[in-house]
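Q: So you can see what is in the structure, the chains are spelled out below.
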Amino acid sequence: MDEQYSFLKQIDPESSNLIKGLQQIQAVEGYVSDDAIRAAAEYFNIPEVEVEGVLSFYAQFKRVKPGKYQICVCDGTACHIKGAPLVHEWLKQELGLDPGETDADGIFSVETVACLGCCSLAPVMSVNGKVYAKLDRKNLKKILKEYAEK
Amino acid sequence: MKIRFLRVGVASCGIAAGADKVFEKLKEKAGDIPVIGVGCLGHCYAEPVVEAVTDSGESILYRDVKGTDEAVDNILALGENNHFVIPEKRKAHELVKVLALAGKVDPTNMDDYIANGGYEGLKKALSLSPEEVVNQVKISGLRGRGGGGFPTGTKWSFLAAKQAEEKILICNADEGDPGAFMDRSLMESVPHQLLEGMLIAAYAMGATKLFIYCRAEYPMAIKHLKIAIEQIYKAQLNVVNGRKLEIIIKEGAGAFVCGEETALIASLEGKRGTPRFRPPFPTDSGYKGYPTMINNVETFGNVPVILREGGEAFAKVGTENSKGTKLFALAGDLKNPGLVEVPMGTTLNEIVFEIGGADRDSVKAVQTGGPSGGCIPVELFDTPVDYDSLKALGAIMGSGGLIVIGKDRCMVETARYFLDFTHRESCGKCTFCRVGTMRMFETLERIVAGKGKESDLDLLEDLGKKIKAGALCGLGQTAPNPVLATLRYYRNEYIDHVKNNRCTARQCNAFVKLAVDKDKCIKCKMCIRTCPVNAIDENFNIDPAACTRCNSCLDVCPKTPFSGRI
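Going line by line, the protein sequences match chains A and V.
Note that the numbering used here has the first sequence beginning at 322, numbered continuously upward.
Note that the numbering used here has the second sequence beginning at -9, numbered continuously upward.
Hints are supplied without guarantee of correctness; some may be wrong.
[Stated by the list, open to error] Computed list of lysine-lysine pairs in DSS-like fashion (alpha-carbon distance at most 27 Å, straight line): (1) A/Lys341 <-> V/Lys199; (2) V/Lys213 <-> A/Lys383; (3) V/Lys56 <-> A/Lys471.
[Unchecked claim] Sample of chain A residues at the chain V side, in silico, Cβ under 10 Å: (4) Ile340; (5) Gly342; (6) Ser354; (7) Ile358; (8) Phe365; (9) Ile367; (10) Pro368; (11) Cys395; (12) Leu407; (13) Leu437; (14) Cys439; (15) Ala454; (16) Lys455; (17) Lys459; (18) Ile464; (19) Leu465.
I should point out that these hints are in silico values taken from the structure, not numbers from a laboratory.
From the three backbone atoms N, C-alpha and C, an ideal C-beta is built for every residue, glycine too.
Full structure from sequences and hints, please.
A: Here is the structure:
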């Protein structure tokens, strides 16, 4: 197995741990590349096509390298009725990104997630896991600016 | 009066509102006074919440606390600002049993849990025979809180009766319903209560392996559970029936269908989370072929309460067929969103208006059970909430998410939103669900875009019935519910879209035109400058063909301050 994926060895190579392994890969690399699929298939002794099957089934897994700052816009019920589509609209205007896209410099990527569980503070989004609540256009701009300047 | 200690609600929702800053600031300035980070008090609308407990035992609450010197000094001096008084109306209906310790104990401190009566239930259980424990749960009348409502005691007796080398117990913590956050709160706030419930269950059924299948989107819940499990191991509380039980947390990977038992098991095995045909039921052949029993977080959370009180006392609360209390996550168009625990049988009127503080004139309906449930119109709000009465109305109890829908929301759009969710979450195994939900979604998209036909309504009804009949699992069987329920109660809104060329609630873009109210306009030209598509001309006329209804103009207009458009 490729040196790059030696961290998989911390996980028991039992087939029921495949998802855990893929989560580990994504935690380290930010996405699951073709090479990573090959490594996981070898390590867990599962055909590559089945690994790919599992990957494509679960919404969590990404096959494209995300930006440095991952923006996840919550589109749960509460956020949706409180204006999640507008948050996307604003992001589109500010960054030119639709859900699932990464900008050319690899700084921001935007995606939609089902629910961040902060429904009472809707609409919310998270940037690299940090949740921002009660969004409006003004504070969204401010948040983006802060990250862009980092 | 002196402060004995301070509690700060630092569950995820509190942190999203800025509680982490408040926590740090308090720690910095409180000197000798202990500052304890606790879970959720349920008052999300008031976050961040700080509770000061004085040496006389009095509790003083503060709401909307900011992480500034001023705000923190105010609390340390027990000042008057930001006082938070829990509304009497809410107190009158609340009955806090499962959440009794949420927001009261430090979730990462087992001694704190034990000092407040924690693990008493387990102690009690171990003093009884396993059969007697199952019996107590049966007597309590507890039904599965994940939504199905299957009698828990009966389910337990199935697994208890099995003879096998390994018996698997799984906690379903894959709270996937958008709009539901009861399980997250419980796990973040009192992780030991869930574990206590699981250990009691393991004792009663002779389970050998325990899994918690939790969403990866709940990092704090996972963290707190991991800490709690370490503490249990250390205290050897996991030694049940003379065996050391392992409790394994598995992180879900974002698939709604994995809330279904057999799909969850497939996912635990590392496979695609597709459901399979039952029988065999999981209690006969589940995880890797071993007998397996799955309960939801809230169900396990009820178990220690049952053991402490006894099954009979537990059954005194609630309605004839639904016993105990229920947690509800209130969200949507209301004043006081948050988490609340009430006895089964409390009416929607009481929950939505008296507890949630919603405005009686502006509420249209409530959606229960998330995308699998249905809407209940405000006219029927005197319905007591229990499993059977909600089912009779075409909705379901679900796991406890209650979304309040205001009068200015379009019910067709609401149905479209839920189908957008379910058609994407369909695992693809059954044709009716895979293709049918897609067709329903497309039809709704068409109606919302102003291109619907009257015959579409019959098509939706026909498809809905067939999907329900032709799908294997709960997802497909319930996916058409939001459409069928809105068609049942709000058919006039559909007719308005397809026949009268209007959106009753004036929400759907295709039917809405924006215009400048020239009497009120102060000609600041902010809208003209802001409009991303230059649809507003010099004389403040909006070109309907160019306008994308992004509402940027409303947003910047000083006369109509931004209010969130939909």
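Q: With reference to the structure, classify each hint as holding or not holding.
A: Hint check results:
The straight-line distance between the Cα atoms of A/Lys341 and V/Lys199 is roughly 18 Å, inside the 27 Å bound, and the hint therefore holds. With a C-alpha separation of about 23 Å, the suggested pairing of V/Lys213 with A/Lys383 holds against the 27 Å cut-off. With a CA separation close to 25 Å, the supplied pair V/Lys56 and A/Lys471 stays within the 27 Å bound. Given hint, A/Ile340 at the interface with chain V, holds; its Cβ is 5 Å from that chain's nearest Cβ, closer than 10 Å.
Annotation: A/Gly342 was flagged as interfacial toward chain V, and the flag holds, the nearest CB pair being 9 Å apart, inside 10 Å. Checking A/Ser354 against chain V by beta carbon gives a least distance of about 17 Å; that is not within 10 Å, so the hint is violated. Of the supplied interface hints, the one on A/Ile358 is violated, with its beta-carbon coming no nearer than about 14 Å to a beta-carbon of chain V, more than 10 Å. Taking 10 Å as the C-beta contact cut-off toward chain V, the hint placing A/Phe365 at the interface holds, the least distance being around 8 Å.
For the restraint placing A/Ile367 at the interface with chain V, the shortest Cβ-Cβ distance is roughly 8 Å, inside the 10 Å limit, so the hint holds. The beta carbon of A/Pro368 is not positioned within 10 Å of any beta carbon in chain V (closest approach about 12 Å), and the interface hint is therefore violated. Contact between A/Cys395 and chain V, as hinted, is supported at the beta carbon level, the nearest pair being about 8 Å apart and thus within 10 Å. Taken as an interface hint, A/Leu407 checks out: its beta carbon lies about 6 Å from the nearest beta carbon of chain V, inside 10 Å.
Restraint check, A/Leu437 versus chain V: the minimum CB separation of about 7 Å is within 10 Å; hint holds. With a least beta-carbon distance of about 5 Å to chain V, the hint placing A/Cys439 at the interface is held under the 10 Å criterion. Annotation: interface hint on A/Ala454 holds; nearest CB of chain V at approximately 4 Å, less than 10 Å. Against a cut-off of 10 Å between C-beta atoms, the interface hint on A/Lys455 holds, since the closest Cβ of chain V lies about 8 Å away.
At a threshold of 10 Å, the smallest CB-CB gap from A/Lys459 to chain V is about 8 Å, leaving the interface hint in force. The restraint placing A/Ile464 at the interface with chain V is violated, with a minimum CB-CB distance near 13 Å, outside the 10 Å limit. A cut of 10 Å between beta carbons decides the hint on A/Leu465: the least distance to chain V is about 16 Å, and the hint is violated.
In terms of the numbered hints stated before, the structure departs from hints 6, 7, 10, 18 and 19, listed from lowest to highest.
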